[in-house]
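These protein sequence lines map, in sequence, to chains A and B. Quick note: the first sequence uses our numbering, first residue 1, plus one each step. Quick note: the second sequence uses our numbering, first residue 1, plus one each step.
Hints were generated in silico from the structure; no laboratory data involved. Since the model is a prediction, treat every value here as computed from it, not as a measurement. Be aware that one or more of the hints could be misleading.
You can't tell identical chains apart in this list, so a pair holds if it fits in one copy or across any two.
Cross-link-like lysine-lysine pairs, in silico, DSS-like; alpha carbons within 25 Å at most [what the hints assert, rightly or not]:
#: 1; residue 1: 159; residue 2: 212
#: 2; residue 1: 219; residue 2: 208
#: 3; residue 1: 65; residue 2: 81
#: 4; residue 1: 208; residue 2: 75
#: 5; residue 1: 159; residue 2: 22
Listed below are the residues making up each chain.
There are 2 protein chains.
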Amino acid sequence: MLKIGLLNSVTLFLFFISMSNKPTLHTSLSPALLHLYDLSNSIVVIIDVFRATSTIASALYNGAKCVIPVDSVLKAIEISKSIGGIAAGERDGMIAEGLQHGNSPMEYTREFIENKTLVLTTTNGTRLLQMALDNNADTIIAGSFPNLSAVCAFLVAEKKNVVLGCAGWKDRFNLEDSLFAGAVINRIAKDFTIHCDSSLMAETMYAKQKNKIIDFAPKLTHYHRLVERFGLIEDIKFCLTNDVANVLPLYNDGKLVAK
Amino acid sequence: MLKIGLLNSVTLFLFFISMSNKPTLHTSLSPALLHLYDLSNSIVVIIDVFRATSTIASALYNGAKCVIPVDSVLKAIEISKSIGGIAAGERDGMIAEGLQHGNSPMEYTREFIENKTLVLTTTNGTRLLQMALDNNADTIIAGSFPNLSAVCAFLVAEKKNVVLGCAGWKDRFNLEDSLFAGAVINRIAKDFTIHCDSSLMAETMYAKQKNKIIDFAPKLTHYHRLVERFGLIEDIKFCLTNDVANVLPLYNDGKLVAK
Numbered sequence: 001m002l003k004i005g006l007l008n009s010v011t012l013f014l015f016f017i018s019m020s021n022k023p024t025l026h027t028s029l030s031p032a033l034l035h036l037y038d039l040s041n042s043i044v045v046i047i048d049v050f051r052a053t054s055t056i057a058s059a060l061y062n063g064a065k066c067v068i069p070v071d072s073v074l075k076a077i078e079i080s081k082s083i084g085g086i087a088a089g090e091r092d093g094m095i096a097e098g099l100q101h102g103n104s105p106m107e108y109t110r111e112f113i114e115n116k117t118l119v120l121t122t123t124n125g126t127r128l129l130q131m132a133l134d135n136n137a138d139t140i141i142a143g144s145f146p147n148l149s150a151v152c153a154f155l156v157a158e159k160k161n162v163v164l165g166c167a168g169w170k171d172r173f174n175l176e177d178s179l180f181a182g183a184v185i186n187r188i189a190k191d192f193t194i195h196c197d198s199s200l201m202a203e204t205m206y207a208k209q210k211n212k213i214i215d216f217a218p219k220l221t222h223y224h225r226l227v228e229r230f231g232l233i234e235d236i237k238f239c240l241t242n243d244v245a246n247v248l249p250l251y252n253d254g255k256l257v258a259k
Numbered sequence: 001m002l003k004i005g006l007l008n009s010v011t012l013f014l015f016f017i018s019m020s021n022k023p024t025l026h027t028s029l030s031p032a033l034l035h036l037y038d039l040s041n042s043i044v045v046i047i048d049v050f051r052a053t054s055t056i057a058s059a060l061y062n063g064a065k066c067v068i069p070v071d072s073v074l075k076a077i078e079i080s081k082s083i084g085g086i087a088a089g090e091r092d093g094m095i096a097e098g099l100q101h102g103n104s105p106m107e108y109t110r111e112f113i114e115n116k117t118l119v120l121t122t123t124n125g126t127r128l129l130q131m132a133l134d135n136n137a138d139t140i141i142a143g144s145f146p147n148l149s150a151v152c153a154f155l156v157a158e159k160k161n162v163v164l165g166c167a168g169w170k171d172r173f174n175l176e177d178s179l180f181a182g183a184v185i186n187r188i189a190k191d192f193t194i195h196c197d198s199s200l201m202a203e204t205m206y207a208k209q210k211n212k213i214i215d216f217a218p219k220l221t222h223y224h225r226l227v228e229r230f231g232l233i234e235d236i237k238f239c240l241t242n243d244v245a246n247v248l249p250l251y252n253d254g255k256l257v258a259k
């Protein structure tokens with residue numbers, strides 16, 4: 001009896017030790033909330049499903065040397081000129097004025113982007129990445145449905161704290177970024193300690209929609225912006241499909257490279 | 001054929017006219033996002049389910065003359081002394097230092113609070129109300145499950161734009177406030193034009209949990225703060241129960257009064 005009691009206590013003790021040893025995971029639902037989380041000892045996953053982080057995955061998957069995220073069209077043009085790269089970007093969903101290439105993942109085929117450098121500026125995703133840098137993030141990666149498995153494998157292997165950073169739309173919450181956060185949590189929750197209502201919400205929403213995400217998409221405000229105004233239905237489908245560009249974009253010294 | 005076509009066109013036209021005449025409804029998931037919404041021609045619903053807006057409803061329902069929300073303990077003490085009111089409030093879930101009364105809706109029984117003025121300071125709810133004032137909100141009311149029906153009836157009757165303002169926890173998103181926003185939307189959506197992912201999320205989460213909200217509560221971070229640290233399970237149940245203090249707290253000239 002004493003033996004069993006002791007055994008149970010030891011098991012319980014080891015269980016709590018293993019629990020407390022797990023890294024934490026939080027979800028930030030908007031760039032305006034990112035400062036609430038301690039990024040300095042965390043991996044930050046930049047999430048901009050429609051479309052920056054889907055486009056970054058697509059370009060790197062198709063052999064781009066790297067993606068340089070910048071915060072202005074002017075910088076995109078300057079840097080791409082000086083290194084012979086491709087300047088690209090969008091503002092409010094359209095190809096930004098002064099650029100020839102936009103933020104569509106479909107644009108960066110292997111034929112076009114292999115062995116080239118993409119210099120990219122977008123409304124939300126590149127801005128969030130800059131904020132993660134300003135908040136001293138330990139490690140920065142980029143995630144979206146096209147590289148879901150690569151993101152999950154990296155987070156589990158690294159055993160560090162994680163902040164899933166949703167880019168939203170001009171600081172407003174959006175559902176597609178939260179659904180991706182939910183998809184990550186759905187796969188890797190058991191490896192993390194999660195006390196975070198944002199993560200609970202994201203995982204619950206994802207679990208409810210996961211078999212019909214493309215059917216759910218027409219309810220999203222961003223869908224209307226992209227499909228009804230610009231007819232970008234193929235972009236939407238690509239951005240919501242798991243592992244069609246399954247590469248890990250890791251930020252290092254001003255560049256996102258495939259790890 | 002032509003007649004039917006004409007009739008359909010007229011019906012469609014009238015449908016769009018009626019659609020576009022509906023006021024808008026948005027949900028702000030955190031005080032840090034409130035500035036993204038135009039409050040100057042909106043009714044702002046302050047939502048702090050655990051527990052400020054549940055306590056405000058409770059006090060007014062039980063006959064308090066009014067509730068004066070203030071942003072500091074010192075102000076609560078000064079004002080209550082000068083008018084002979086009850087100073088009350090919490091910091092981090094506990095009765096604030098220097099006060100005798102806290103932020104529990106159970107404390108404000110009719111025997112205690114009838115015909116008295118409650119001067120209340122809380123961590124999140126009173127701060128959000130101040131922010132709504134600073135952003136020139138047209139009208140401010142307070143809502144929680146105990147006064148769900150009164151809030152919905154007012155919003156439908158007024159026919160103005162609505163911003164459902166979640167107080168969260170120190171600017172972080174919390175689920176109980178979003179669930180209440182979802183409960184409101186679930187009841188009144190047809191009277192509003194809603195293009196807002198936060199509202200879509202809130203309503204979806206509420207619709208999924210509405211018959212088991214009290215069973216869902218232990219998953220919330222705030223539940224742990226209130227129940228595991230302070231044993232406030234009765235508070236939780238009250239705050240999540242529809243219409244147990246069904247009064248409308250309307251802000252006017254520094255005071256919340258029952259409309």
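Up to 25 Å CA-CA - residue 208 versus residue 219, copy category: both (14 Å within a copy, 17 Å between copies)
Within, between, both or neither, where residue 159 and residue 22 count as close if Cα-Cα is 25 Å or less: within (8 Å within a copy, 50 Å between copies)
Intra/inter-copy verdict for residue 208 and residue 75 if alpha-carbon distance must be at most 25 Å: neither (41 Å within a copy, 46 Å between copies)
Alpha-carbon proximity between residue 65 and residue 81, which holds within one copy, between copies, both or neither at 25 Å: Close inside one copy (16 Å), not across copies (70 Å); limit 25 Å.
Alpha-carbon proximity context of residue 159 and residue 212, limit 25 Å: neither (31 Å within a copy, 35 Å between copies)
Hints 1, 4 from the list above are not met by this structure, while the remaining hints are.
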